[in-house]
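Asks: Make a model of the complete structure from these sequences and hints.
Number of protein chains: 4
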Amino acid sequence: MFIYYHQLRVLYGDTDQMGYVYYGNYGHYYEAARAEAIRSMGISYKQLEDSGVMMPITRMNVKYIQPARYDELLTIKTIIPRLPNRIIIFQYEVFNENKVLINEGETHLIFVDMKSKRIKSAPGLLLENLKPYF
Amino acid sequence: MFIYYHQLRVLYGDTDQMGYVYYGNYGHYYEAARAEAIRSMGISYKQLEDSGVMMPITRMNVKYIQPARYDELLTIKTIIPRLPNRIIIFQYEVFNENKVLINEGETHLIFVDMKSKRIKSAPGLLLENLKPYF
Amino acid sequence: MFIYYHQLRVLYGDTDQMGYVYYGNYGHYYEAARAEAIRSMGISYKQLEDSGVMMPITRMNVKYIQPARYDELLTIKTIIPRLPNRIIIFQYEVFNENKVLINEGETHLIFVDMKSKRIKSAPGLLLENLKPYF
Amino acid sequence: MFIYYHQLRVLYGDTDQMGYVYYGNYGHYYEAARAEAIRSMGISYKQLEDSGVMMPITRMNVKYIQPARYDELLTIKTIIPRLPNRIIIFQYEVFNENKVLINEGETHLIFVDMKSKRIKSAPGLLLENLKPYF
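Protein chains in written order, with the numbering used here: chain A, 1 to 134; chain B, 1 to 134; chain C, 1 to 134; chain D, 1 to 134.
Any given hint could be a false lead.
[Said to hold, decoys possible] Listed next, the in silico EDC-like pairs over lysine to aspartate or glutamate satisfying Cα-Cα at most 16 Å (straight line):
| id | chain 1 | residue 1 | chain 2 | residue 2 |
| --- | --- | --- | --- | --- |
| 1 | C | Lys46 | B | Asp71 |
| 2 | B | Lys63 | A | Glu106 |
| 3 | C | Lys46 | B | Glu72 |
| 4 | B | Lys77 | B | Glu104 |
| 5 | A | Lys46 | D | Glu97 |
| 6 | D | Lys46 | A | Asp71 |
| 7 | A | Lys115 | A | Asp50 |
| 8 | A | Lys46 | D | Glu72 |
| 9 | A | Lys46 | D | Asp71 |
| 10 | B | Lys77 | B | Glu93 |
| 11 | B | Lys46 | C | Asp71 |
| 12 | B | Lys117 | B | Asp50 |
| 13 | A | Lys115 | A | Glu49 |
| 14 | D | Lys63 | C | Glu106 |
| 15 | C | Lys117 | C | Glu49 |
| 16 | A | Lys117 | A | Glu49 |
| 17 | C | Lys120 | C | Glu49 |
[Said to hold, decoys possible] A partial selection of chain A residues facing chain B, derived with a Cβ cut-off under 8 Å:
| id | residue |
| --- | --- |
| 18 | Gly27 |
| 19 | His28 |
| 20 | Pro56 |
| 21 | Asn61 |
| 22 | Val62 |
What the hints contain is simulated information worked out from the structure, not anything from laboratory work.
Glycine included, each C-beta is placed from N, C-alpha and C at the ideal position.
Replies: Dropping the structure here:
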């Protein structure tokens, strides 16, 4: 299992008039966490894309447990629960400064060849970097 | 069953460098569709809020079927599948200009008393306006 | 002078915890207004782009006069004050439901050939459609 | 003069189909830089707000010099050019990884008493922390 912790600060622009982070902004938070999780392996999502592979999202599930508030420093635990083949699953657990789990989510991404637009298996570059964790 | 159709135009700022609507923006699209669906009943989400009821989201599930592109006029079908009690479920089906279903989602909202911060049942104002559809 | 009026509804996700539209969201509002202004001429920004011309923004100035609030139906008056040559200027006046001017802005866009990445003059397609207004 | 450097990573969701950071997202970048600049003084924007002072933006000017691209680590230099009285001015210079200045901006903020909604002078808490720099 691969695990990575990323921290981010809630901006004013992320909140809504309820005083909480707008529900629609968690996808952006997940992306930031996911990108840094991949970078921590020694590669980057950009490198994967530059090698001709796009990774569109096919599913996102979000469970809102407690609100996140302005200026909180959130910790996002990103988990890759198993080695990817045609799908890579990322799970997210968002904790506030009191270490309370406030949000959980999951995204499914697939691998698409940029030229042929065809679905393909996980690229070797990604698999090599992930294998040591499984 | 309550059904409402809302149309919206994909903005440049909604797209990402893949040339598609960014996966994190569908929550905003759902909100626009949901707000207009409620308005079509003769009330508004703002009215509900002004009467002291907040409706935070507890779940969102999104299934990305095909990409949406810049400047497309999307049609969002919003469905309330059953009369709410403690939870109101909204389902969304997003169609592109060729009437192809490109995205499906669901959000769960609860009712919270603004003063006591306690969860409560669906307010009468909403139920009265929804009953004729069930 | 070319003038066009566009209306848009303030979403929950556009507000921040001050209860007003977040200052950073006006660029998106201006884009929506600008795109519909161009469409009203009988062409579309997408058509211009499909013909090989990008229109990156080089300047944006915004003056925040009064706040915009959730669920307000805003009217954005878009003005093209003069025929473009190397730069096209769009001016925006945002009015709330009480017809009060709450925000003013201006954006400068240039024309770039997508292939050569070189700056060029306003394309004929745009000029033809604009000339009748000047 | 007060100067602070903040770094941030360009997300996928920040880009648009031109492949660059969407022009409307710089306000969010400025906010992140501004909040960290204030925090570096030993206070936080949240503290100011908790003490009953809102700081709405009255002006924003942006000059787009070169595009910012996905995954770039941007450095934002935030400058407070003079001690605030009724207005506090923040200036921003955004540099890419090659230390090229790609964007410049300025925001004007005023101080508003949350209860009376009246404009007031810069709060003592802020002035005390800023004086050493001037």
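Asks: Each hint should be assessed against the structure and marked as holding or not.
Replies: Hints versus structure:
Restraint check for Lys46(C) and Asp71(B): the C-alpha separation of about 7 Å stays at or below 16 Å, so the hint holds. Proximity of Lys63(B) to Glu106(A) is assessed by CA-CA distance (about 12 Å); at most 16 Å being required, the pair is judged to hold. With a C-alpha separation of about 10 Å, the suggested pair Lys46(C) and Glu72(B) falls inside the 16 Å cut-off, and the hint holds. Proximity of Lys77(B) to Glu104(B) is assessed by CA-CA distance (about 10 Å); at most 16 Å being required, the pair is judged to hold.
With a CA separation close to 15 Å, the supplied pair Lys46(A) and Glu97(D) stays within the 16 Å bound. Between Lys46(D) and Asp71(A), the direct Cα distance comes to roughly 7 Å. Compliance with the 16 Å bound is thereby established for this hinted pair. Restraint check for Lys115(A) and Asp50(A): the C-alpha separation of about 12 Å stays at or below 16 Å, so the hint holds. Pair hint Lys46(A) plus Glu72(D) holds up; C-alpha atoms about 10 Å apart against a cutoff of 16 Å.
With a C-alpha separation of about 7 Å, the suggested pair Lys46(A) and Asp71(D) falls inside the 16 Å cut-off, and the hint holds. Pair hint Lys77(B) plus Glu93(B) holds up; C-alpha atoms about 5 Å apart against a cutoff of 16 Å. Distance hint between Lys46(B) and Asp71(C) is fulfilled; the C-alpha atoms sit about 7 Å from each other, no more than 16 Å. Of the pairs offered as hints, the one joining Lys117(B) and Asp50(B) holds, with about 15 Å between alpha carbons and a cut-off of 16 Å not exceeded.
Of the supplied pair hints, the one linking Lys115(A) and Glu49(A) holds, its CA atoms being roughly 11 Å apart against a limit of 16 Å. Restraint check: the Cα-Cα separation between Lys63(D) and Glu106(C) comes to about 12 Å, which is no more than 16 Å; the hinted pair holds. This hinted pair checks out: Lys117(C) and Glu49(C) have alpha carbons roughly 13 Å apart, not beyond 16 Å. For the proposed pair Lys117(A) and Glu49(A), the alpha carbon gap of about 13 Å is at most 16 Å, so the pair holds.
At most 16 Å may separate the alpha-carbon atoms for a hinted pair to count; Lys120(C) and Glu49(C) meet this at roughly 14 Å. Contact between Gly27(A) and chain B, as hinted, is supported at the beta carbon level, the nearest pair being about 3 Å apart and thus within 8 Å. Interface restraint check: His28(A) against chain B, minimum CB-CB distance 5 Å, threshold 8 Å, status holds. Against a cut-off of 8 Å between C-beta atoms, the interface hint on Pro56(A) holds, since the closest Cβ of chain B lies about 7 Å away.
Look at Asn61(A): its Cβ gets to within about 5 Å of chain B, closer than 8 Å, so that hint holds up. Interface hint at Val62(A): satisfied, since its Cβ lies 5 Å from the closest Cβ of chain B, which is below the 8 Å cut-off.
Consistency with the previously given hints is maintained throughout, with no hint failing.
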